[in-house]
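> Going down the list, the protein sequences come from chains D, G, E, U, X and C. By numbering that gives the first Met the number 0, the letter at position 13 of the first sequence is numbered 12, and the numbering carries on one by one without gaps. By numbering that gives the first Met the number 0, the letter at position 36 of the second sequence is numbered 35, and the numbering carries on one by one without gaps. By numbering that gives the first Met the number 0, the letter at position 116 of the third sequence is numbered 115, and the numbering carries on one by one without gaps. By numbering that gives the first Met the number 0, the letter at position 192 of the fourth sequence is numbered 191, and the numbering carries on one by one without gaps. By numbering that gives the first Met the number 0, the letter at position 188 of the fifth sequence is numbered 187, and the numbering carries on one by one without gaps. By numbering that gives the first Met the number 0, the letter at position 24 of the sixth sequence is numbered 23, and the numbering carries on one by one without gaps.
Treat each hint with caution, since some may be false.
In this list, chains with the same sequence are indistinguishable; a pair is considered to hold if it fits within one copy or across any two.
[Stated by the list, open to error] In silico lysine-lysine, BS3-like type, Cα no more than 27 Å apart, as pairs:
#1 K108 to K219
#2 K206 to K108
#3 K231 to K206
#4 K108 to K7
#5 K206 to K41
#6 K91 to K41
#7 K1 to K22
#8 K22 to K108
#9 K91 to K206
By construction, these hints were calculated from the structure, which means they are not laboratory data.
What follows is the residue order along each chain.
6 protein chains.
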Amino acid sequence: MKDETREKLMDVSVATLATALYKRGLRSQVVQGANPLGWKGKNMVGPAYTLRYMPAREDRNQLVEFRNPEHPQRVAIEQCPAGHVLVMDSRKSAAAASAGDILITRLMKRGGAGIVTDGGFRDAAVIAELDIPAYHTRPSSPTNLTLNEAIGINEPIGCGDAPVFPGDVIVGDADCVIVIPQDIADEVADEAVEMTAYEDFVVERVKDGESIIGLYPCTKDEHRAAFEDWRKERGR
Amino acid sequence: MKDETREKLMDVSVATLATALYKRGLRSQVVQGANPLGWKGKNMVGPAYTLRYMPAREDRNQLVEFRNPEHPQRVAIEQCPAGHVLVMDSRKSAAAASAGDILITRLMKRGGAGIVTDGGFRDAAVIAELDIPAYHTRPSSPTNLTLNEAIGINEPIGCGDAPVFPGDVIVGDADCVIVIPQDIADEVADEAVEMTAYEDFVVERVKDGESIIGLYPCTKDEHRAAFEDWRKERGR
Amino acid sequence: MKDETREKLMDVSVATLATALYKRGLRSQVVQGANPLGWKGKNMVGPAYTLRYMPAREDRNQLVEFRNPEHPQRVAIEQCPAGHVLVMDSRKSAAAASAGDILITRLMKRGGAGIVTDGGFRDAAVIAELDIPAYHTRPSSPTNLTLNEAIGINEPIGCGDAPVFPGDVIVGDADCVIVIPQDIADEVADEAVEMTAYEDFVVERVKDGESIIGLYPCTKDEHRAAFEDWRKERGR
Amino acid sequence: MKDETREKLMDVSVATLATALYKRGLRSQVVQGANPLGWKGKNMVGPAYTLRYMPAREDRNQLVEFRNPEHPQRVAIEQCPAGHVLVMDSRKSAAAASAGDILITRLMKRGGAGIVTDGGFRDAAVIAELDIPAYHTRPSSPTNLTLNEAIGINEPIGCGDAPVFPGDVIVGDADCVIVIPQDIADEVADEAVEMTAYEDFVVERVKDGESIIGLYPCTKDEHRAAFEDWRKERGR
Amino acid sequence: MKDETREKLMDVSVATLATALYKRGLRSQVVQGANPLGWKGKNMVGPAYTLRYMPAREDRNQLVEFRNPEHPQRVAIEQCPAGHVLVMDSRKSAAAASAGDILITRLMKRGGAGIVTDGGFRDAAVIAELDIPAYHTRPSSPTNLTLNEAIGINEPIGCGDAPVFPGDVIVGDADCVIVIPQDIADEVADEAVEMTAYEDFVVERVKDGESIIGLYPCTKDEHRAAFEDWRKERGR
Amino acid sequence: MKDETREKLMDVSVATLATALYKRGLRSQVVQGANPLGWKGKNMVGPAYTLRYMPAREDRNQLVEFRNPEHPQRVAIEQCPAGHVLVMDSRKSAAAASAGDILITRLMKRGGAGIVTDGGFRDAAVIAELDIPAYHTRPSSPTNLTLNEAIGINEPIGCGDAPVFPGDVIVGDADCVIVIPQDIADEVADEAVEMTAYEDFVVERVKDGESIIGLYPCTKDEHRAAFEDWRKERGR
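Using the sequences provided together with the hints, build the complete structure.
What follows is the structure, encoded as structure tokens:
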């Protein structure tokens, strides 16, 4: 992902990106059910670094396991590269926590770009105040050992029924999270910027009373021309 | 619906209306799972104008379909009469969006009284700021074409397991949305106003330390008399 | 529950308590799906007083039933001892309300320490403003008679898949609700206070850039020593 | 329940009974999701004897608990009166077993008329061969202690979202199970016998090519007359 | 649909058809959750004739409604053309019946090619013995009025999340039901016959010990040649 | 796993094994929801060989992918060692097939001991006739590419919420499937044989009219003595 791609993705919506991916035949890239935990006013953008959970077997998942410095959950937090988003496959269950405030604080300090689970976080009210984007399905206080064992780091995973490959570009906005295949991230970002410009133009027109027919999507030449003028005026 | 009915319904709760309908044998009129997207401080009230979605077949639901000026989703937005609530049967799935901010802005400009889906809206954070009531189950960024095809306008539909006939009176408050059969809307509104007066009286009494037994519901003459006095004092 | 136990439980998190119970082999004590309805800034703590609902049979659940001064829902509200938390087994369904603002106002006036359901409350926006903690899964306007009949007072119940015995200590924080078996409440509170002190220490360290490996959980002597110093400094 | 009521209920379908109850305003009496485990060719009929499960707390639900002669699951099996149906509220979860072949064999030997759960049975293939009707949602091998604790005997319960009061008349056929309130069991049985006669007549007519319009339900005098003749011929 | 298309579709599997549709970009044509009710040994094939249910409103759905000769459920049974499959959108709920044995017997007599619902049938054990294919999700005894009102005949609908347009070709086998868009039914049938021949050849080879790599799908010339010989031998 | 362990596990039930594992603190080893597809009269026993699916991304999952001889689904079938059970993590969804008859026939020919998925199989009716045990949740005709991409071979996985490590011993009976951690398989098999002997004795006694109290579990010396005699008589 180019630096300017990251910047572009900071200013577009997940909805616009979903449409751009849809044009390319990709229909299932939104992480279903994950919403922001304390929306912090700007998008989350970064390559995916993944953690996979499997069902916990009781003999392998006593609290003492966390004392192991090689425990994958802890290792993932310590190894997720700066600027990356940690994406967790929690098997779509929030019956136990995917992580809590201490680990997410550590990820924040290490420069993590954000964290996503298709389960839930404990200490959610604290995480909502941290300066790192976080997305989950609902607060969940039980320790993850109750339900899940962290078993694989940086493997291809599913998260909220979306496929996630390490390095895919993850974007979260005030609503949802989306996964952009890494090899098309630059072009998708470019296209989304273009689409966003047109959508901003459309919103202005609609607020001025224009009908959406012929305007959104654009099928009338007059709107196309007006949009070009609008862009020039605004330098977009 | 008489004009004064609309006014009355602006000041009663969906819970009170649900009880008034329950008295008439109607148990399933609340739209299950739909909650307000940015509560805007006053009720949504208006006759239902409906849109029905069916599962999307891929060959019929490419982005180009939106270029068709007859596309039912767009037509519904442009034809929903002012003062009406657009109610969408999204088959109880928020896996893709029922609508987004541009269409809902257009509906707002056209005088729509509100919008309801048993799925989710994209651009939810933007919609939460618009000056039109909106109710859904959760934010959902994928375009509706991914999942659903708009197929029927102003037909009887289901929404969140509630039956909705065109013209039924839709009321939304800070919690939920309810469907009042149109032919009883006036009498139900009258009754709800009466019930609300009594409930307001009860809340005052309970805050003063009164027991609910005999007071709510009213089975003691002393409360009935006190309520009459209370109404006179307040001109209700 | 000793008075100081109540005080201790006001200052610890449900997540910490869940871990303390997990150490004792108790994995299922969090009420799944119940979140605070208007977080009021301090924990809910109190012994459980329970109400059990069964499916409503229509002939037994007409509105007139509420006129019966012995109706269990009303009786539970009037008999829940001051300082107790009313916990409702609503069979994990929010399709109808477990209670509404009038009953919860009454409970508040009677000194109830809080109310929990694995269903939903009607008048949720009003309840969110009351000075009593309340936890549910989502707002739900239909009267409870539609779905549920209150049938048992102060029996052992399930709530959100957690076992609840009368007298168990219920704690709710900004995220979730947990059930502490009454005979271990004092020791669990003590342990949670200790754990909270260490967690607070850890958060400070992590914010200063420390790795979590060896720190959380503590496996290095240097952290143990530093923690002891930290406690002395702060008098904890 | 009169002896002849039991006999009548042996020869009518749950579908017919559901319609007879529907006429009386009772819509929720079928145990949702429970189907026969090895249909044994004749209906299950008997008054309900109930067992209620709550979520299992680990410290109370070790295998040793079964050694307690007062364990409610075992007591229920030993005390369920002959001719009664044991109905279990397993909280609609088949993640662990409600009972297994040994207990159900014992119930059979004691003269139990059948067993119903809204969860699942272990040893299901064996139970399917026993000479006692059994209804569940799916086979489930884990011991019930994993999930559920038997807590209440012969209380009002829910089973598959149907309300069950001790003594209600339980009927199961090749499809489903229904709960008939005990005070109307005799009249409902009478009516169902009448309905069954007419339905048998209808099936013959339909097989002979008759349209259902006017025949089912009967709105034409000619069908009414033909039915009377048909009854006389067959002595029904 | 040509007559020979119907014949071809009698001899191919739904799995093969699903793959043929998948090649054309159609991924959602299988009716999710519907399985045969008493597999009758040969495929169900016919154009779709549809019935749409909406949630039942109590005042419109008393038993007396069935006396109306225009009731859409009865009309659909009487008007479904011979050779067609009646497909019902029951909103994916089997909590009440979509139809029962009398109506399905009538449909059989009228020459219906089969019946499909994404809910459940009452009198399921009887229907399993009728000489007409039927597909549902599970037996369900309550009358449909409890839950659903038949509202639309021969409209585009959803059934088990599959899109169904009147006239689409419906095929059911021992496992599942699939919806083939009518304009491609002939070509899909042709292709499926071809695929079936190859699959039959593959099964023989695999039973003889051949590896699937290079054989299924065919990527080796030797298999292609052997298949051609095989076809000639068998005249397929 | 010793050879005699395999033999022992052929003659015990999954229910008995679940109880033996429960004694060791393992509560979640049964594959939830998977039932036999055509019970073939004897247990499935073998070490686990695993396949993990992730959500399918459309560009990576066109039919052409199967032409790749390295496709993990095909490779798993070709590499699963003889005597092993292929266990598939299909993310608990049967919306598309985990495998079909051709692949399972190949696995059978290669000596596979069985196949398990927490999704569904296509060609289920054919598979039910094959001479290899197969367990799934329901028939599902769509090709797996619609939903899932095979991504990992012989990794630790979840299957029906049970943890599965390669080499764990998988046992299936007429009801369910269970996962025995490999290092305790021998001792668990021994214990299950003992338990089965006692259960067989109990069944005989119960059929003779004995109460279960004191007999199951055994808390009376008389039963213990009688059991010893019973074993001697039968040589067990």
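> Go through the numbered hints given earlier and state which of them the structure violates, listing their numbers in rising order.
8, 9
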